[in-house]
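Novice: Using the sequences and the hints, build the whole thing.
Okay, here's what each chain looks like letter by letter:
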Amino acid sequence: MKVEGKAVVYGDNIDTDIIIPGRYLVLQEPSELAKHAMEGVDPSFPERARDGVIIVAGRNFGCGSSREEAPVALKHANTKCVIAESFARIFYRNAINIGLPILEASLRDKASNGDLLLVDLVSGIIENKTREIRVQAKPLSPLAIEIISAGGLTKYVRKKLGLE
Amino acid sequence: MNIVEKILARASGEKEVSPGQIIDARVDKAMMHDLTGPRVIDSFREIGVKRVWDPDRVIVIFDHDIPPSTIKAAELHKKVRNFVREQGIRHFYDIGRGGVCHVVMLEKGHVKPGELIIGADSHTVTYGALGAFATGVGATDMAAVLATGSIWLRVPETLKFEVNGKLQRRVYAKDLILYIIGMIGSEGANYKAMLFSGQAIRDLGIDGRATICNMSIEAGAKAGIVEPDEKTIRYVKERAGEPITPVRSDDDAEFAKIYEVDASQLEPQVAIHPSVDNVKPVSEVGDVEINQGFIGTCTNGRLDDLRAAAEVLKGKRVKDGVRLVIIPGSQGVYHEALKEGLIEIFVKAGAIICGPGCGPCIGISRGVLADDEVCISSANRNFVGRMGSPKSKVYLASPATVAASTIKGKIVDPREVD
Ligand code: SF4
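As you go down the protein sequences, you meet chains G and C in turn.
All letters in the first sequence, in the order written, are residues 2 to 165 by our numbering.
All letters in the second sequence, in the order written, are residues 2 to 419 by our numbering.
Take these hints with a grain of salt, some might be off.
Now the in silico label distances, taken between C-beta atoms and shown as ranges [as the list claims (entries may be wrong)]:
no., chain 1, residue 1, chain 2, residue 2, range
1, C, L339, G, V123, 58 to 64 Å
2, C, D372, G, L162, 48 to 54 Å
3, C, A75, G, P143, 39 to 45 Å
4, C, R98, G, D43, 38 to 44 Å
5, C, E255, G, K139, 22 to 28 Å
6, G, D43, C, I259, 36 to 42 Å
Worth flagging that the hints you see were computed from the coordinates, not collected in a lab.
No residue lacks a Cβ here, since even glycine has one placed at the ideal position from N, Cα and C.
Specialist: Shown next, in the form of structure tokens:
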């Protein structure tokens with residue numbers, strides 16, 4: 002499982018109200034949510050993400066509420082992967098459950114806006130093609146890989162219950 | 002084992018569990034509300050199971066956008082109501098019947114010591130106030146719980162906070178938890194559980210303990226918990242009625258780290274916009290003029306909170322040019338506050354009282370902020386744009402500090418208003 006995209010770099014504590022403000026939660030449609038992704042810090046994000054991006058961030062990405070709309074908005078804005086130094090736990094689960102790949106790695110000094118990144122989700126190797134450097138991310142847990150490979154938690158549960 | 006490990010061992014049918022272990026745990030109760038419910042229902046349909054695993058263990062509470070402020074919200078309510086009916090869910094709190102989900106869960110006896118409770122809301126951690134292990138998840142996780150009655154969890158390390166000493170007058174549970182978050186930072190407990198113990202915690206009522214556990218998520222915690230004592234047992238017996246077998250930590254229980262806090266040294270605390278962990282004693286906040294005060298939410302919308310606010314506001318007026326929004330946490334709290342005369346004090350002070358619910362806490366309705374406005378709030382989050390305009394500012398404090406600040410028009414120490 003490999004994904005590719007241009008880097009968009011943000012700082013620490015990107016919370017769920019920044020990723021998708023509460024007032025948009027009634028917009029249930031993923032494509033509608035995507036129009037407001039990252040609005041709290043970067044209203045131009047949906048535009049920048051159009052051709053596929055990889056978010057690079059600092060510590061505690063996704064802290065705050067349990068709203069699954071946060072990873073959904075990012076995914077449907079065409080975010081291929083989020084790489085942060087650390088994630089808040091509910092966001093981490095939600096991202097894996099809805100099939101938005103995420104990896105823990107410290108990349109802030111090793112990627113700038115626009116750098117081309119190639120990420121191997123299983124091995125956790127991140128390649129910055131622009132700078133020709135490689136970084137090893139903390140690999141995903143076997144369970145997380147199983148859920149992502151099944152196509153998200155709903156499909157994983159269907160399989161487990163013998164409905165697939 | 003400590004209390005967290007014991008609860009998770011019981012829930013997963015294991016003799017013993019230890020931090021880091023991945024378990025498949027049986028869920029005792031599942032909770033969702035009007036805002037997360039619709040997405041949970043969609044994912045539940047996607048899984049394709051016809052019935053929820055046990056309708057009597059599912060609790061549905063409307064609170065986030067009530068009464069609905071838009072047609073879209075009204076449609077979402079309808080969708081959840083239909084699901085409740087279709088699935089035969091008895092524990093349903095519609096508009097006017099409940100209030101903020103985390104206040105209602107405790108008050109209506111849906112939480113018992115030793116239970117594993119999963120909620121489709123991050124502040125589900127509140128239920129640790131009664132010695133339950135409770136944690137928040139997103140919609141798809143909750144759909145899987147509804148379909149199977151179980152969830153995978155990683156057993157967390159536990160941080161123990163030993164809080165001793167007596168809180169000073171007009172210093173509350175809220176000040177204590179703000180102080181602790183300031184001390185360990187907004188991810189100081191990420192993936193971990195926070196156990197609050199010591200004499201200062203035992204001295205708190207259930208309302209104060211709920212405030213503390215509620216904000217454990219603001220340090221990233223998976224759960225906040227207080228070991229059950231006689232107060233817990235009395236509270237639960239009055240509401241849940243059924244027998245309970247509280248779980249407590251063994252004497253030789255292990256903790257990842259133990260912090261000691263002296264409560265007697267604390268002054269009222271304030272979290273400075275826009276970080277919940279940028280916490281200062283009120284004397285160091287400086288001159289901050291405010292446009293609005295807000296008292297309510299799952300953090301501080303309980304009876305003890307309204308009493309504290311009323312004590313400050315009695316016979317006083319909210320300053321001209323400042324507005325004070327007060328929202329009782331539940332219909333039960335509202336009713337009690339009416340009987341005790343608290344609502345009258347608020348109305349006479351010039352506050353506006355809205356019906357129980359989340360109100361402006363997540364910036365949807367009933368008190369959202371305009372550009373450059375400043376609000377002091379008794380809630381739990383002050384993220385950019387949380388209560389409205391991304392250019393507004395939110396400071397967090399106790400209900401007494403909020404009340405005092407609206408009288409003065411700027412952030413002040415509630416001990417200065419007598
Ligand atoms: S009161 Fe605020 S924090 Fe609590 S459940 Fe409602 S929106 Fe969430």
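Novice: Of the hints stated earlier, which fail here?
Specialist: Result: no hint breaks.
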